[in-house]
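Colleague: Listed below are the residues making up each chain.
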Amino acid sequence: MRKFILKYLIPRIIQFLTIIFVGITVTYIIPRLAPTDPVEAQISTMMAMGSSLDPASIESMRAALTDLYGLSGSPVEQYFTFWGRLLRGDLGPSLDNFPTPVSKMIGQALPYTLRLLIPAVIISFIFGNLFGAMSSYYPKNKALKVIEVLGQVVRSIPYYIVAIVLLVTFSYFIPIFPFSGAYPIGTRPDWSSLEFILKNLEHAVLPAATLILVGFGGWFVGMKSLTSNIISEDYVVYVETAGLSKNRILIHYIIRTAILPQFTALAMVLGTVFSGALIMEVVFGYPGIGSLAIRAIYSNDYSMIMGITIYSIIGVAVAVFLMDLLYPLFDPRVRYQ
Amino acid sequence: MTLLSVKNLRAYYRTEVYGISRTVQAVDGVSFDLLPNEIYGVAGESSCGKTTLIKVISGNTKPPLKVLEGSVNYNFNDYKVDMLHISQDELRQNVRWKEISYVMQGSMSVLNPVRKVIETFRDIVDTHERITDKKKFLEQTRAHVNRLGLPTDVLNAYPHQLSGGMRQRVAIALATVFQPALIIADEPTTALDVVVQRGVLQMIREIQTTSGNTVLLVTHDMAVHANVADRVMIMYAGRIAEEAPTETIFDAPLHPYTQHLIHSLPMIGEKSTKASLKGAPPNLADPPGGCRFHPRCPYVMDVCRTKVPDLISVKERHRVACHLVEEGAL
Amino acid sequence: MILLSYNSPYDPGKSFVVPWDLPPSQEHLFGTTSRGQDLFWWLTFAVRNSLFLGVLTAIISRIIAILIGLTAGYRGGWLDRVLMSLNDTFVVLPLLPILILLGFLLRDRMNLFYLAVILGLFGWPFDARLIRSQVLSLKERSFTRTAVYSGTSAFWITINEHLPFVLPIVFATTINNILWSIGMEVTLSVLGLSDLTTPTLGTALFWANQHGALVAGVWWWIAAPALVTIVLFLGLYLLFTSINEFIDPRTRLRLIGG
Ligand SMILES: Nc1ncnc2c1ncn2[C@@H]1O[C@H](COP(=O)(O)OP(=O)(O)OP(=O)(O)O)[C@@H](O)[C@H]1O
Ligand code: SF4
Ligand SMILES: [Mg+2]
Chain A
0 MRKFILKYLI PRIIQFLTII FVGITVTYII PRLAPTDPVE AQISTMMAMG
50 SSLDPASIES MRAALTDLYG LSGSPVEQYF TFWGRLLRGD LGPSLDNFPT
100 PVSKMIGQAL PYTLRLLIPA VIISFIFGNL FGAMSSYYPK NKALKVIEVL
150 GQVVRSIPYY IVAIVLLVTF SYFIPIFPFS GAYPIGTRPD WSSLEFILKN
200 LEHAVLPAAT LILVGFGGWF VGMKSLTSNI ISEDYVVYVE TAGLSKNRIL
250 IHYIIRTAIL PQFTALAMVL GTVFSGALIM EVVFGYPGIG SLAIRAIYSN
300 DYSMIMGITI YSIIGVAVAV FLMDLLYPLF DPRVRYQ
Chain B
0 MTLLSVKNLR AYYRTEVYGI SRTVQAVDGV SFDLLPNEIY GVAGESSCGK
50 TTLIKVISGN TKPPLKVLEG SVNYNFNDYK VDMLHISQDE LRQNVRWKEI
100 SYVMQGSMSV LNPVRKVIET FRDIVDTHER ITDKKKFLEQ TRAHVNRLGL
150 PTDVLNAYPH QLSGGMRQRV AIALATVFQP ALIIADEPTT ALDVVVQRGV
200 LQMIREIQTT SGNTVLLVTH DMAVHANVAD RVMIMYAGRI AEEAPTETIF
250 DAPLHPYTQH LIHSLPMIGE KSTKASLKGA PPNLADPPGG CRFHPRCPYV
300 MDVCRTKVPD LISVKERHRV ACHLVEEGAL
Chain C
0 MILLSYNSPY DPGKSFVVPW DLPPSQEHLF GTTSRGQDLF WWLTFAVRNS
50 LFLGVLTAII SRIIAILIGL TAGYRGGWLD RVLMSLNDTF VVLPLLPILI
100 LLGFLLRDRM NLFYLAVILG LFGWPFDARL IRSQVLSLKE RSFTRTAVYS
150 GTSAFWITIN EHLPFVLPIV FATTINNILW SIGMEVTLSV LGLSDLTTPT
200 LGTALFWANQ HGALVAGVWW WIAAPALVTI VLFLGLYLLF TSINEFIDPR
250 TRLRLIGG
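Protein chains in written order, with numbering that gives the first Met the number 0: chain A, 0 to 336; chain B, 0 to 329; chain C, 0 to 257.
What you were told as hints is all true, and nothing was included just to trick you.
Think about it this way: if two alpha-carbon atoms lie no more than 30 Å apart in a straight line, the pair counts; the simulated DSSO-like pairs of lysine-lysine are:
| id | chain 1 | residue 1 | chain 2 | residue 2 |
| --- | --- | --- | --- | --- |
| 1 | B | K115 | B | K135 |
| 2 | B | K65 | A | K139 |
| 3 | B | K65 | B | K6 |
| 4 | B | K65 | A | K245 |
| 5 | A | K245 | B | K97 |
What the hints contain is simulated information worked out from the structure, not anything from laboratory work.
Go ahead and model the full structure; you've got the sequences and the hints to work with.
Modeller: Below, the structure is given as structure tokens:
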């Protein structure tokens, strides 16, 4: 057990802290490298865009911005104030929806993103791996070959394009799915009404399909190359000579071992998948973090973008860390070192 | 009565890489019989076709390996099996593990790294005799493992927690759960240190004497054969060079290759290394014509280069394939 | 298409040179946009620029990947651990929000060149890891050990003995990286965070969205760039997989008798 803590746990914790540290430091440095004074630039763009704010709130906004960018004091002091604010979970008010705190708005949008992202990741992970393993175990199966080609195609194309193609095909040319949003325009979110939930599901089909399709291809290809080595491993050949049924071999011997590196890969791609989810929301006008981000871009809401960046980094780091913690449950070799 | 009768077996590997096809003549005209209740050793240097021979007779022929000619017939107490024509279903249901079990080469890695040993037992037993009573299965497995002198703890271990020797014994225990008529063991002692080797051999011999089945023991290590085998077959380049009871092989070998093998065994108290054979073992993708041993044989004659020597019986239970013997010079 | 762009009858910077909103026809192969541009010719520029971006990104990130991969693999020890930890961090970080932040701050100064540099700075970690593992396996091979015993300096061993084996990997991953970079550009442009005056595959889609192309029924404005992107990606991807098979390090190691 001590060895497990020393050899497995401690490195993961260090890695977790490194991700947060590097990520946050990068977000800290970026605005400081920008060639303009962000506060004034911000205020002037907002004025130019015709914000009807009275001088008092402009003043308070200027103060908020200076504080937000952490521009008072020496760089070292600024760096520590920056961290201090983060640890308190205080990311300042949204500039667009002044003075609603950024954290609150993100908190409202996050469930939408997660409700879509988590099932999509799970579904594509399960099916991608299952079909990938099957296609290397049954190399002659025609249907699996077709799936493989489709998977490869979709996988190579960026999220955005997949989303656009689905959108154009299924809500423009063949309008069977709604065009955008998470529920029909004019309805209020009401999670106790079955009708509303069904509508929400209907709106979620295309966005989820995008995430699932792209993810599926990735897992499929990864699993196929992993299992193509495993099917010639001694322990697989052995149970074949022992006459075990193909299904049992596929599940308990091939997938069971090949899935382990895939778990690690899942942790590795979480960041990318999350980014993909943001894009997909933009395409489908789905009201999650991605839509929040694009609105912030259009309205020059710097604090919101900053907040989204920071929360994304922390969120992904935590997710990766949790997966690392769960991993030993699946791999006895790590558990009993 | 014979347990297994192999006649004129020819099995080649046909591979195609970048459009160039290659044929490896791994088993080329092999005939022999296995008797009930014996330990039959197969010896020969690396890549002479030992594993290939086993794959074919155990019903594990898969591309690129292909049987071109010959027959492999079993007789398990009047249950007759033609291994080259049996259906996959029958093979799985009635033959594998019940009549023939196979301890693969490198069987230290035959255990699934992420499953407990007992799970592998369960899978195998359940495949051949549905497990209905879990308790009974556990009891029987524990008893079986105990009988073979293994601690029952191994059942709850993961493979990486066991030593190499222990894993090898677990593999043998797995092979013997149904008391099969034939146990095939491919290099079971290779890669183990001497003390562990002795334990594993002891185990094999005990299993054989108590249950009276037949063991086909493949290893390139002549010392192992000297210790456990009743009869030994010497393979060279995909063919049988000589076959005889163990004492005959070691005391009066006839084939020049066998003689070389025996003489190069280290003797107790001996310091100098023995003279090795000149030349390399032949490439089975392009073997020499005639007697395949001729490029390295110290007694080579003209006829050896062109004519394949027949495997002839010199005495009862002693067969040799060499022109010297055919001509009565030896 | 790239070659065609030099031949274009229209200047991509100008708008309203042809009648707007025409569907695809003989004269205007992919139709025209609401900004009065011929989509086909406009896209020829877009492909050229996108590819340029991709290649530049790939070059920059390849240099970083080689440096880090070789150093980590060859030096090993704590340096390796630190570099790989950093490497994994960059793999895991959600890139898009960071790029959004960057793009947001640089907005008006953004151009293809900056974008390539930025993407290059983020695009190395996967390949650095690959290179490192290749170096590690090469290190076990005898010629490295011989070189070490004969006192050749670490630097020269790395350059002379390892680089030749690492380069094919770099080559194979280049295409992947180009694809990644073009994809990122599409993403950022659609969000309005790149230099929107340069025709690229991404800006094509951005302008189409800005003009509500789908709502207005100008579907070809979206379909054409999407189609071109798909074709481009598929082509490059197929090239990538075939190159990969051809210079799979395993095949190569077998060839040198490893
Ligand atoms: N799957 C395969 N494809 C092509 N050739 C093969 C294959 N397996 C074995 N061979 C070739 O067949 C020949 C016999 O191999 P085999 O494994 O039967 O030898 P062996 O006597 O068991 O050797 P060892 O003592 O090393 O286990 C060798 O030349 C080998 O290269
Ligand atoms: S047949 Fe000839 S070459 Fe072959 S072993 Fe006998 S003497 Fe040697
Ligand atoms: Mg063998």
